[in-house]
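Student: Chain residues, written in single-letter form:
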Amino acid sequence: MATENILAPELSRIPEGKLADKWTNYKAHQKLVNPANKRKLDIIVVGSGLAGGAAAATLGELGFKVKCFCIQDSPRRAHSIAAQGGINAAKNYQNDGDSVYRLFYDTIKGGDYRAREANVYRLAEVSNNIIDQCVAQGVPFAREYGGTLANRSFGGAQVSRTFYAKGQTGQQLLLGAYSSLNRQIQKGNVTMYARREMQDVVLIKDEKGVERARGIIVRNLVTGELERYSAHCVIIATGGYGNAYFLSTNAMSCNGSAAIQIYHKGAMFANPCYAQIHPTCIPVHGDIQSKLTLMSESLRNDGRIWVPKKLEDAKRLQRGEIKGHQIPEEDRDYYLERRYPAFGNLVPRDVASRAAKERCDKGYGVNSTGLAVFLDFDDAIKRLGKAAVADKYGNLFQMYQKITDDNPYETPMMIYPAIHYTMGGIWVDYELQTSVKGLFCAGEANFSDHGANRLGASALMQGLADGYFVLPYTIQNYLADQIQVPRFSTDLPEFDEAQKGVEAKIAKIMAVQGSRTVDSLHKELGHIMWEHVGMGRTKAGLEEGLKLLAALRETFWKEVYVPGQANSLNVELDKAIRLLDFIEIGELMARDALHREESCGGHFREEHQTEEGEAKRDDEHFMYVGCWKYMGEGKEPELWKEMLNYQEIKVQTRNYKN
Amino acid sequence: MWLASSSIGRKVVMSVTGASLVLFLTFHMLMNLVYVYDVAFPAADGTHYYDKVCEFLGTNWYALLGTAGLGVLVVFHLCYAFWLTVQNRKARGNQRYAVSGKQPVHWAAKNMLVLGIIILCGLFAHLAHFWANMMYAELAGVEGQYAPTAGFDWITFQFSQPLNIAIYVVWFAAIWYHLTHGIWSSMQTLGLNGKQWLDRWICISYVWATIIVLGFAAVVVAALVQGM
Amino acid sequence: MGKESFLNVNLKVWRQRGPKEKGEFKTYRVEHVSTEMSFFEMMDTLNEQLINKHEEPIVFDHDCREGICGTCSLYINGRPHGIDNAITTCQLHMRKFTNECTITVEPWRSAGFPVIRDLMVDRSAFDKIQQAGGYTSINCGAAQDANAILISKVDADEAMDSASCIGCGACVAACKNGSAMLFVSAKVSQFALLPQGRVEAARRAKAMVAKMDELGFGNCTNTRACEMECPKSVKISNIARLNREFIKAKLAD
Chain A
1 MATENILAPE LSRIPEGKLA DKWTNYKAHQ KLVNPANKRK LDIIVVGSGL AGGAAAATLG
61 ELGFKVKCFC IQDSPRRAHS IAAQGGINAA KNYQNDGDSV YRLFYDTIKG GDYRAREANV
121 YRLAEVSNNI IDQCVAQGVP FAREYGGTLA NRSFGGAQVS RTFYAKGQTG QQLLLGAYSS
181 LNRQIQKGNV TMYARREMQD VVLIKDEKGV ERARGIIVRN LVTGELERYS AHCVIIATGG
241 YGNAYFLSTN AMSCNGSAAI QIYHKGAMFA NPCYAQIHPT CIPVHGDIQS KLTLMSESLR
301 NDGRIWVPKK LEDAKRLQRG EIKGHQIPEE DRDYYLERRY PAFGNLVPRD VASRAAKERC
361 DKGYGVNSTG LAVFLDFDDA IKRLGKAAVA DKYGNLFQMY QKITDDNPYE TPMMIYPAIH
421 YTMGGIWVDY ELQTSVKGLF CAGEANFSDH GANRLGASAL MQGLADGYFV LPYTIQNYLA
481 DQIQVPRFST DLPEFDEAQK GVEAKIAKIM AVQGSRTVDS LHKELGHIMW EHVGMGRTKA
541 GLEEGLKLLA ALRETFWKEV YVPGQANSLN VELDKAIRLL DFIEIGELMA RDALHREESC
601 GGHFREEHQT EEGEAKRDDE HFMYVGCWKY MGEGKEPELW KEMLNYQEIK VQTRNYKN
Chain B
1 MWLASSSIGR KVVMSVTGAS LVLFLTFHML MNLVYVYDVA FPAADGTHYY DKVCEFLGTN
61 WYALLGTAGL GVLVVFHLCY AFWLTVQNRK ARGNQRYAVS GKQPVHWAAK NMLVLGIIIL
121 CGLFAHLAHF WANMMYAELA GVEGQYAPTA GFDWITFQFS QPLNIAIYVV WFAAIWYHLT
181 HGIWSSMQTL GLNGKQWLDR WICISYVWAT IIVLGFAAVV VAALVQGM
Chain C
1 MGKESFLNVN LKVWRQRGPK EKGEFKTYRV EHVSTEMSFF EMMDTLNEQL INKHEEPIVF
61 DHDCREGICG TCSLYINGRP HGIDNAITTC QLHMRKFTNE CTITVEPWRS AGFPVIRDLM
121 VDRSAFDKIQ QAGGYTSINC GAAQDANAIL ISKVDADEAM DSASCIGCGA CVAACKNGSA
181 MLFVSAKVSQ FALLPQGRVE AARRAKAMVA KMDELGFGNC TNTRACEMEC PKSVKISNIA
241 RLNREFIKAK LAD
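Respectively, the protein sequence lines represent chains A, B and C.
The first sequence lines up with residues 1 to 658 when you count with the working numbering.
The second sequence lines up with residues 1 to 228 when you count with the working numbering.
The third sequence lines up with residues 1 to 253 when you count with the working numbering.
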């Protein structure tokens, strides 16, 4: 970097006042739109998961005219549905010392001091409203015999603040949001467009020459037609980009294309290198594997993670000569309990993942590939009884057995880290507005709340907070100035131009007619990402990765083969478009990881670790959000820094040992 | 009217008419057991208690009303069955599975209509055997082989014909299958079911259906004994 | 993990260009299929083969591939989601098949679910039924404290069992009557069991059933095929509850 690009602090639009008063102050002073005007204002919501679905429903309730888009056949299938374990809230129903401040503190600390204080505090504040709202919707949270809500513990916290609905919390919360959305669809406030994928955002200059997001181009995934929709503002809630690794716990259709489209139109991409590797996934079994399955973090409440103490035992396990339960207690290394006595098996995800990798790299892996550790319920079954364990985790055990054909009640589960969530995302200010006016970004798609690492049960919290309780306020603050602006025609030249751009890209992809399938290229991308931009990153590896990514892009344009027609249902074309954007995201991730000469949260640079192998942060040089600005095709993006100022929190080294 | 316009309403009609017919069958069976009693313990004077029952249920207004009511129940049960079947076939669509029916669905549940048609055919035979010779004969003043109120003789006579016995065996089997599904199904449709009650109702269905069919079969056996 | 071995399988797959076009079965062969593969990974392999031969791949719905999103919808060898109980298609593994077997793969077949292409069907009717009343009419921000409503654990657990429906449509696909009662009853039950949902229970039951009927789903004849195929083991006791709620509501009119 020749010159330092520092974002002006006011761009973050953090309200005045003490941390605890900021959101209250904001709400007290924000501009509102009166009910008659709300009817005249259109809002596009792309994505129907927790953030998008909740935002669309709530904005509909307020009286705005909402158009909601999803790529699935129904908004109920957004990938938020797959979240298993739970949702955090600072209710302190357990009387164990929880509070808004503690949830805020744990989240900031869990994020390795790389998140924006004001956003996180607001998140902790509204967490309680989320639980109230969901219960009112009829979400069947787990309960105690007395009729009150039950809680369980999750990683990175010393209190029990996680609300859950069996192992299907994400499903139940999403169905709650979906039900609210349905109510608004029925009322005519929300129009739902399913099986549509966004292809570009349309910006139109206002009378002062300021470009504002006014519409989108989507591809109808059934007909293949491009369609245009206009609105007064656009919300992107399209989730994360973990599928850049090909193998991840994300659903097959999860992608980062909407993020890349708006990045190309001026929205900055923040902290792309922060990707969360979840410690408890079912290990990879072969080359043809299409996706990894997560085992809920809640399992770490009662499961104990271990590998053999003796290398020869590990070798025998790898050769399949013995089974885990044959290794005597004294020869087991419960390495998380050993290294982190205070948090034990409930250390945050990044810590647990790295510890597993460390053991496996040293040769202690327990399956044929040597890339697995045990998650053992023997103790829990002895202590609580099989029935109690089945009651808590039965559906997860069943899921494990379906996939692996192993019975976790009898032999310990085998797990290994896998890409799960991306903390990085589109840069947004306090109002969740991107660097483009009228373009908002919510949920996993934005960067805002989790810093460098997300704690368990916080993704659901953030998605719903953004959708139910943040955007409905901040959008009004934006739209209050727009009440005089009439609805936009989709025949405007800006729409023509955007559509032409999309058509040209699609035509170019269709014209390659090479010899490689999209999936084979995507797998290649996955290998590059996992090898070079994975759990342990090095300068040399990242530089090599960048070269390989550039080469892969060339291969794509020379070799990709997409059968069928562009103007028809064409799954391969859908995947090809997404893959192209994944390559770009991969480059952004590598570039960001390369520049960030420190280890923090989900970003671990092997050059920067303590003697004990713990992550070594460099607060002096890197306590900022790395925001990447698109500079045009083929040009290097520009790095801008949003400096992080911690006023309420004393920045410390993360310590889960004592 | 929701009993015609909604799917659950239509099912309620099936359920209520079906359950009423089950009650009628139960009553009918209990009444017929009097014949078995007559065969087992013949009266010294040669009269039959069963004939007294037939006399009591002859052409009195309440018996006629009951018969008309039964007719209405049967007609509704029947018409709705065909109506529902037509709708259900439409709902299933024109394209059928090439490989299908691999679930262990209860055989009767899949074949209620077929069973119903068999039962209907049996009913016609039954009406021809008895009702035409008894209630109808009395009303129309037709002279038969036996007096219209001579139920005992009619039964003995009809079951001396091997063909009739064959018809009744098939009929009873169809009734049994129909009821094993029908009884619990009607309770399910009326919502008088739940997690615990499902197995109980199914058990009750089998027991009840078996009792009814065994009761009727006892009459046939008794008639054979009587005829020997 | 179980012992890995390899199979050759023959597939009979339904191919259909569009809703109005005539479909037919095409046969394919996939060799060296690992028993550790999921059914979809085998399908992926087949599609890779087809694409490499410059043929159009088989279109089928799938997304999360972990049994929760409800997108996948294949009718395999005569059963929705294939030959295992309480699973979605994506949870079906090749270890359930034998070497040289023939696997027939069809789309959901029901008038309510028209075929879009090949094995992909349109289940938007389910959304329409939900829109008719599958919610509690409460605006965001109006909720009281979550613990102000005490709910017995038994009711909450039962509501959860009903709520676990993933809307995949296997119940309709399995039903000889093309009935959507299990799907509708799961949602009606979830809310009927909870005090938050009781307030408008009558209205909901009537509205959702009316929409279900309007969309042409069949009449339930209690064959129980739905609950046998439900990947989430939703029980027909829910249908009994729906019937009860509906009849009560109609009698109160």
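Note that these hints are calculated values from the structure, not bench results.
Some hints here could point you the wrong way.
Claimed, not checked - Distance ranges between label pairs, derived from CB positions:
| no. | chain 1 | residue 1 | chain 2 | residue 2 | range |
| --- | --- | --- | --- | --- | --- |
| 1 | A | 485 | C | 142 | 55 to 61 Å |
| 2 | C | 52 | A | 554 | 19 to 25 Å |
| 3 | A | 99 | C | 253 | 58 to 64 Å |
| 4 | A | 368 | C | 50 | 29 to 35 Å |
| 5 | C | 139 | B | 28 | 25 to 31 Å |
| 6 | A | 544 | C | 20 | 34 to 40 Å |
What the hints assert, rightly or not - Pairs of lysine-lysine, DSS-like flavour, derived with a Cα cap of 27 Å:
| no. | chain 1 | residue 1 | chain 2 | residue 2 |
| --- | --- | --- | --- | --- |
| 7 | C | 128 | A | 187 |
| 8 | A | 386 | C | 206 |
| 9 | C | 3 | A | 402 |
| 10 | B | 90 | C | 153 |
| 11 | B | 90 | C | 128 |
| 12 | A | 323 | A | 386 |
| 13 | C | 96 | A | 323 |
| 14 | A | 402 | C | 12 |
| 15 | A | 386 | B | 110 |
| 16 | A | 575 | A | 500 |
| 17 | A | 38 | A | 18 |
| 18 | C | 12 | A | 38 |
| 19 | A | 547 | A | 523 |
| 20 | C | 206 | B | 102 |
| 21 | A | 508 | C | 53 |
| 22 | C | 53 | A | 575 |
| 23 | C | 153 | B | 195 |
| 24 | A | 315 | A | 362 |
| 25 | A | 523 | C | 128 |
| 26 | C | 3 | B | 90 |
| 27 | A | 641 | A | 629 |
| 28 | C | 153 | C | 176 |
| 29 | C | 176 | B | 90 |
| 30 | C | 153 | A | 382 |
| 31 | A | 575 | A | 616 |
| 32 | B | 102 | C | 12 |
| 33 | A | 323 | A | 310 |
| 34 | C | 206 | A | 323 |
| 35 | A | 65 | C | 128 |
| 36 | A | 265 | A | 641 |
| 37 | A | 547 | A | 402 |
| 38 | A | 40 | C | 128 |
| 39 | B | 195 | C | 248 |
For every residue, glycine included, the Cβ atom is placed at its ideal position computed from N, Cα and C.
Student: Against this structure, judge whether each hint is valid.
Tutor: Hints versus structure:
1. Evaluation of the 55 to 61 Å hint for residue 485 of chain A and residue 142 of chain C yields a failure: the beta carbon distance comes to about 30 Å.
2. For residue 52 of chain C paired with residue 554 of chain A, a C-beta distance near 21 Å keeps the hint of 19 to 25 Å intact.
3. For residue 99 of chain A paired with residue 253 of chain C, a C-beta distance near 50 Å fails the hint of 58 to 64 Å.
4. Restraint check, residue 368 of chain A to residue 50 of chain C: a C-beta distance of roughly 31 Å satisfies the suggested window 29 to 35 Å.
5. A hinted range of 25 to 31 Å is violated for the C-beta pair residue 139 of chain C and residue 28 of chain B, which are about 59 Å apart.
6. At roughly 52 Å, the beta carbons of residue 544 of chain A and residue 20 of chain C sit outside the given window of 34 to 40 Å.
7. Taking the CA atoms of residue 128 of chain C and residue 187 of chain A, the gap is near 12 Å; set against the 27 Å cutoff, the hint holds.
8. For the hint linking residue 386 of chain A to residue 206 of chain C, the alpha-carbon distance of about 42 Å lies beyond 27 Å, and the restraint is violated.
9. Only pairs whose Cα atoms come within 27 Å are accepted, and residue 3 of chain C paired with residue 402 of chain A is accepted, the gap being roughly 14 Å.
10. For the proposed pair residue 90 of chain B and residue 153 of chain C, the alpha carbon gap of about 42 Å is over 27 Å, so the pair is violated.
11. Of the supplied pair hints, the one linking residue 90 of chain B and residue 128 of chain C holds, its CA atoms being roughly 20 Å apart against a limit of 27 Å.
12. Restraint check for residue 323 of chain A and residue 386 of chain A: satisfied, since their Cα atoms lie roughly 21 Å apart, inside the 27 Å limit.
13. For the suggested pair residue 96 of chain C and residue 323 of chain A, the alpha carbons sit about 24 Å apart, so the restraint of at most 27 Å is met.
14. Using a Cα cut-off of 27 Å, the hinted pair residue 402 of chain A and residue 12 of chain C holds, with the two alpha carbons roughly 25 Å apart.
15. As the CA atoms of residue 386 of chain A and residue 110 of chain B are separated by approximately 39 Å, the hinted pair breaks the 27 Å bound.
16. A distance of roughly 20 Å separates the Cα atoms of residue 575 of chain A and residue 500 of chain A; the hinted pair therefore holds under the 27 Å criterion.
17. A hinted pair counts as satisfied when its Cα atoms are at most 27 Å apart, and residue 38 of chain A with residue 18 of chain A does not qualify at roughly 32 Å.
18. With a CA separation close to 54 Å, the supplied pair residue 12 of chain C and residue 38 of chain A exceeds the 27 Å bound.
19. Distance hint between residue 547 of chain A and residue 523 of chain A is fulfilled; the C-alpha atoms sit about 17 Å from each other, no more than 27 Å.
20. The suggested pairing of residue 206 of chain C with residue 102 of chain B is violated, with an alpha-carbon distance near 33 Å, which exceeds 27 Å.
21. Of the pairs offered as hints, the one joining residue 508 of chain A and residue 53 of chain C holds, with about 21 Å between alpha carbons and a cut-off of 27 Å not exceeded.
22. Distance check on the hinted pair: residue 53 of chain C and residue 575 of chain A sit about 18 Å apart at the alpha-carbon level, within 27 Å; holds.
23. Our distance criterion of 27 Å between C-alpha atoms is met by residue 153 of chain C and residue 195 of chain B, whose separation comes to about 16 Å.
24. At most 27 Å may separate the alpha-carbon atoms for a hinted pair to count; residue 315 of chain A and residue 362 of chain A meet this at roughly 11 Å.
25. For the hint linking residue 523 of chain A to residue 128 of chain C, the alpha-carbon distance of about 38 Å lies beyond 27 Å, and the restraint is violated.
26. A distance of roughly 46 Å separates the Cα atoms of residue 3 of chain C and residue 90 of chain B; the hinted pair therefore is violated under the 27 Å criterion.
27. The hinted pair formed by residue 641 of chain A and residue 629 of chain A meets the criterion: a straight-line CA distance of about 11 Å does not exceed 27 Å.
28. This hinted pair does not check out: residue 153 of chain C and residue 176 of chain C have alpha carbons roughly 36 Å apart, beyond 27 Å.
29. Straight-line distance between C-alpha atoms of residue 176 of chain C and residue 90 of chain B comes to about 10 Å, which keeps the hinted pair within the 27 Å bound.
30. This hinted pair checks out: residue 153 of chain C and residue 382 of chain A have alpha carbons roughly 25 Å apart, not beyond 27 Å.
31. With a CA separation close to 38 Å, the supplied pair residue 575 of chain A and residue 616 of chain A exceeds the 27 Å bound.
32. Only pairs whose Cα atoms come within 27 Å are accepted, and residue 102 of chain B paired with residue 12 of chain C is accepted, the gap being roughly 17 Å.
33. Restraint check: the Cα-Cα separation between residue 323 of chain A and residue 310 of chain A comes to about 14 Å, which is no more than 27 Å; the hinted pair holds.
34. The straight-line distance between the Cα atoms of residue 206 of chain C and residue 323 of chain A is roughly 56 Å, outside the 27 Å bound, and the hint therefore fails.
35. For the proposed pair residue 65 of chain A and residue 128 of chain C, the alpha carbon gap of about 19 Å is at most 27 Å, so the pair holds.
36. With a C-alpha separation of about 19 Å, the suggested pairing of residue 265 of chain A with residue 641 of chain A holds against the 27 Å cut-off.
37. Note on residue 547 of chain A and residue 402 of chain A: the hinted pairing is violated, with a Cα-Cα distance of about 40 Å set against a maximum of 27 Å.
38. A hinted pair counts as satisfied when its Cα atoms are at most 27 Å apart, and residue 40 of chain A with residue 128 of chain C qualifies at roughly 26 Å.
39. Restraint check for residue 195 of chain B and residue 248 of chain C: the C-alpha separation of about 19 Å stays at or below 27 Å, so the hint holds.
In summary, the numbered hints that this structure violates are 1, 3, 5, 6, 8, 10, 15, 17, 18, 20, 25, 26, 28, 31, 34 and 37.
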